[in-house]
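Enquirer: What follows is each chain in one-letter form.
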Amino acid sequence: MKTFGGPVLFLDRSDINTDEIIPAKYLTEITKEDLKPYILEDLKLPGFDPKGPKTLNAKVILSRGNFGCGSSREHAPWVFEVNGITAVIAESFARIFRQNMFNCGMAAIELPKADLDIIFSHADDEDAAMTIDIEAQTLNVTGGGKQKSFSFEISPFDKALVMAGGWVDYADQKY
Amino acid sequence: MGKTTAEKIFDAHLVNEPFPGTKVLRLDAVLCHEITTPIAIDDLIRRGKDRVFDPTKIKAVIDHVTPSKDTKTATQAKILRDWARRHDIKDFFDVGANGVCHALFPERGFIRPGYTVIMGDSHTCTHGAFGAFAAGIGTTDLEVGILKGVCAFRQPKTIKFNVTGTLPKGVYAKDVILHIIGKIGVNGATDKVMEFHGSVVEAMTMESRMTLCNMAIEAGGTSGICQPDMTTVDYLWPFISGEFASKGAALAEYSKWRADADADYDQTIEIDVANLQPTITFGYKPDQVKTISEIAGTPIDQIYIGSCTNGRLEDLRIAAQILKGHKLAPNVRGILSPATPAVFKAATKEGLIDIFMDAGFCVTNPTCGACLGMSNGVLADGEVCASTTNRNFMGRMGKGGMVHLMSPATAAASAIEGKIADPRNYL
Numbered sequence: 000m001k002t003f004g005g006p007v008l009f010l011d012r013s014d015i016n017t018d019e020i021i022p023a024k025y026l027t028e029i030t031k032e033d034l035k036p037y038i039l040e041d042l043k044l045p046g047f048d049p050k051g052p053k054t055l056n057a058k059v060i061l062s063r064g065n066f067g068c069g070s071s072r073e074h075a076p077w078v079f080e081v082n083g084i085t086a087v088i089a090e091s092f093a094r095i096f097r098q099n100m101f102n103c104g105m106a107a108i109e110l111p112k113a114d115l116d117i118i119f120s121h122a123d124d125e126d127a128a129m130t131i132d133i134e135a136q137t138l139n140v141t142g143g144g145k146q147k148s149f150s151f152e153i154s155p156f157d158k159a160l161v162m163a164g165g166w167v168d169y170a171d172q173k174y
Numbered sequence: 000m001g002k003t004t005a006e007k008i009f010d011a012h013l014v015n016e017p018f019p020g021t022k023v024l025r026l027d028a029v030l031c032h033e034i035t036t037p038i039a040i041d042d043l044i045r046r047g048k049d050r051v052f053d054p055t056k057i058k059a060v061i062d063h064v065t066p067s068k069d070t071k072t073a074t075q076a077k078i079l080r081d082w083a084r085r086h087d088i089k090d091f092f093d094v095g096a097n098g099v100c101h102a103l104f105p106e107r108g109f110i111r112p113g114y115t116v117i118m119g120d121s122h123t124c125t126h127g128a129f130g131a132f133a134a135g136i137g138t139t140d141l142e143v144g145i146l147k148g149v150c151a152f153r154q155p156k157t158i159k160f161n162v163t164g165t166l167p168k169g170v171y172a173k174d175v176i177l178h179i180i181g182k183i184g185v186n187g188a189t190d191k192v193m194e195f196h197g198s199v200v201e202a203m204t205m206e207s208r209m210t211l212c213n214m215a216i217e218a219g220g221t222s223g224i225c226q227p228d229m230t231t232v233d234y235l236w237p238f239i240s241g242e243f244a245s246k247g248a249a250l251a252e253y254s255k256w257r258a259d260a261d262a263d264y265d266q267t268i269e270i271d272v273a274n275l276q277p278t279i280t281f282g283y284k285p286d287q288v289k290t291i292s293e294i295a296g297t298p299i300d301q302i303y304i305g306s307c308t309n310g311r312l313e314d315l316r317i318a319a320q321i322l323k324g325h326k327l328a329p330n331v332r333g334i335l336s337p338a339t340p341a342v343f344k345a346a347t348k349e350g351l352i353d354i355f356m357d358a359g360f361c362v363t364n365p366t367c368g369a370c371l372g373m374s375n376g377v378l379a380d381g382e383v384c385a386s387t388t389n390r391n392f393m394g395r396m397g398k399g400g401m402v403h404l405m406s407p408a409t410a411a412a413s414a415i416e417g418k419i420a421d422p423r424n425y426l
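Protein sequences appear in the order of chains A and B. Using numbering that gives the first Met the number 0, read the first sequence as starting at 0 and increasing by one per residue. Using numbering that gives the first Met the number 0, read the second sequence as starting at 0 and increasing by one per residue.
Careful, some of the hints might be misleading.
Keeping only pairs whose Cα atoms sit at most 30 Å apart, straight-line, the calculated DSS-like set for lysine-lysine is [unchecked claim]:
# : chain 1 : residue 1 : chain 2 : residue 2
1 : A       : 43        : A       : 24
2 : B       : 289       : A       : 43
3 : A       : 24        : B       : 418
Calculated from the structure, these hints are not laboratory results. Quick caveat: nothing in here was measured; it's all calculated off a predicted structure.
I would like the entire structure built from these sequences, with the hints used as guidance.
Expert: Structure representation (structure tokens):
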């Protein structure tokens with residue numbers, strides 16, 4: 000069973016791009032670990048601090064439409080990965096970012112706006128957390144004494160990539 | 000039911016369909032640069048799989064930061080350089096021969112109609128101008144492409160853009176694509192191919208078609224695609240004259256990649272350019288556009304002409320035509336980055352470089368440069384750039400900077416006036 004989860008970082012805006020996730024000037028780093036301090040450095044959102052505890056403790060990001068648009072840099076999923084964030088939940092994703100997440104064995108899960116609105120209502124709960132079960136395609140949210148489950152769609156290919164731990168291992172076996 | 004260009008290319012390159020909706024394609028070209036490739040190379044070495052599927056189908060260039068500015072970028076360049084040598088990748092472009100990937104590779108004739116092309120760079124969609132399926136991908140897809148020569152895609156639907164009318168004076172491919180992105184939004188074509196048709200596209204040069212396709216990703220598009228025609232054949236002729244008995248024969252062969260008249264489109268969008276004005280972005284997203292009459296007079300600090308969008312010879316000619324005999328306004332600085340050495344040489348020969356330098360522009364070597372703020376031309380906090388590039392994201396050209404995307408003509412007029420200005424007053 001492949002599960003992801005933990006504390007949630009709420010980023011309530013559409014079209015968050017990969018330049019905001021990891022600015023281009025840091026693309027000269029040649030190890031993933033070296034990207035770690037620069038997570039979301041250029042993202043400007045009310046109440047958001049890229050170096051604050053909510054960012055540093057997060058295991059899951061919740062956002063809105065067209066998450067990860069712009070540059071193809073896989074440094075965006077990598078900077079999440081080295082900070083312990085292995086899943087992003089959003090209304091929709093830019094193609095390259097979404098595929099990069101699955102190619103790394105991580106999860107980019109789409110939920111309808113109505114479901115996202117419910118989860119965003121936990122934004123002020125200090126204990127807001129989420130568990131994502133890829134195999135069962137379910138997502139469980141807890142926070143502020145409440146709990147709710149959601150189901151989601153995932154393509155069979157993307158599911159296989161998560162199970163295989165990423166595209167390189169999968170492709171190496173099959174092609 | 001007929002097929003779109005992308006559907007024809009998918010069918011011809013299909014390796015298998017491991018799951019419904021996912022197609023693994025055979026690749027004709029795997030393009031590499033020094034920012035996204037070194038980590039793929041390192042990972043292949045770490046896995047004990049330091050191999051390439053076919054060195055003749057891999058092309059590599061150092062373009063984002065060149066010549067290297069520090070130890071880190073020198074190391075990235077070295078990893079790519081050593082790898083190209085180790086694997087006998089002959090089409091590797093190092094300092095002196097290098098230029099912006101999406102200008103350099105087409106100029107060398109590497110992209111042909113019907114090709115499948117990937118690169119670890121989102122603006123790979125540029126190459127669809129040749130009737131190819133060309134998609135930006137991340138480092139993991141690149142790594143598998145290098146090792147196995149395949150890439151997995153969801154079969155994209157296609158949006159047909161029928162661009163008609165006559166381009167008014169002072170209005171160019173850049174204005175058309177900014178207008179289209181403004182109309183459909185930054186995710187208006189996500190997971191879709193943008194297929195460009197109509198009399199306006201048919202009349203465009205290959206350079207203009209590349210400008211059009213270059214920004215497909217700014218609407219989320221997987222690839223821009225233009226229909227291969229005699230313009231395509233003429234551009235490629237120096238590279239293909241040994242393969243075909245005549246241009247007519249090449250056209251007949253390449254025409255098989257043209258979309259069928261009865262192809263099934265997700266959507267058809269009519270774009271009439273007859274009344275289109277010079278179009279400029281105003282915010283931090285490429286779909287936030289205004290016409291010149293709405294934004295003229297906006298203060299600027301820097302003008303940047305270059306990049307994979309608008310750093311080709313045609314772009315330099317258009318800007319120079321406006322700049323000729325003028326000086327930069329005293330409140331601004333100008334930077335020109337010709338996209339490739341061939342562009343630089345031709346522009347020098349034609350006297351265009353003199354025009355830019357006489358106007359007061361700094362002329363840099365061919366590189367991605369200021370576009371993504373990795374090397375030269377970075378803005379200070381609060382500064383504004385009139386730029387011919389493709390992204391106006393917050394911080395893109397430097398923390399706290401603002402970028403207005405526009406055509407080379409609008410950038411040149413803005414250089415003269417020291418504020419965003421209407422190029423039509425100079426034509």
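Enquirer: If any of the earlier hints don't hold here, list their numbers in rising order.
Expert: none
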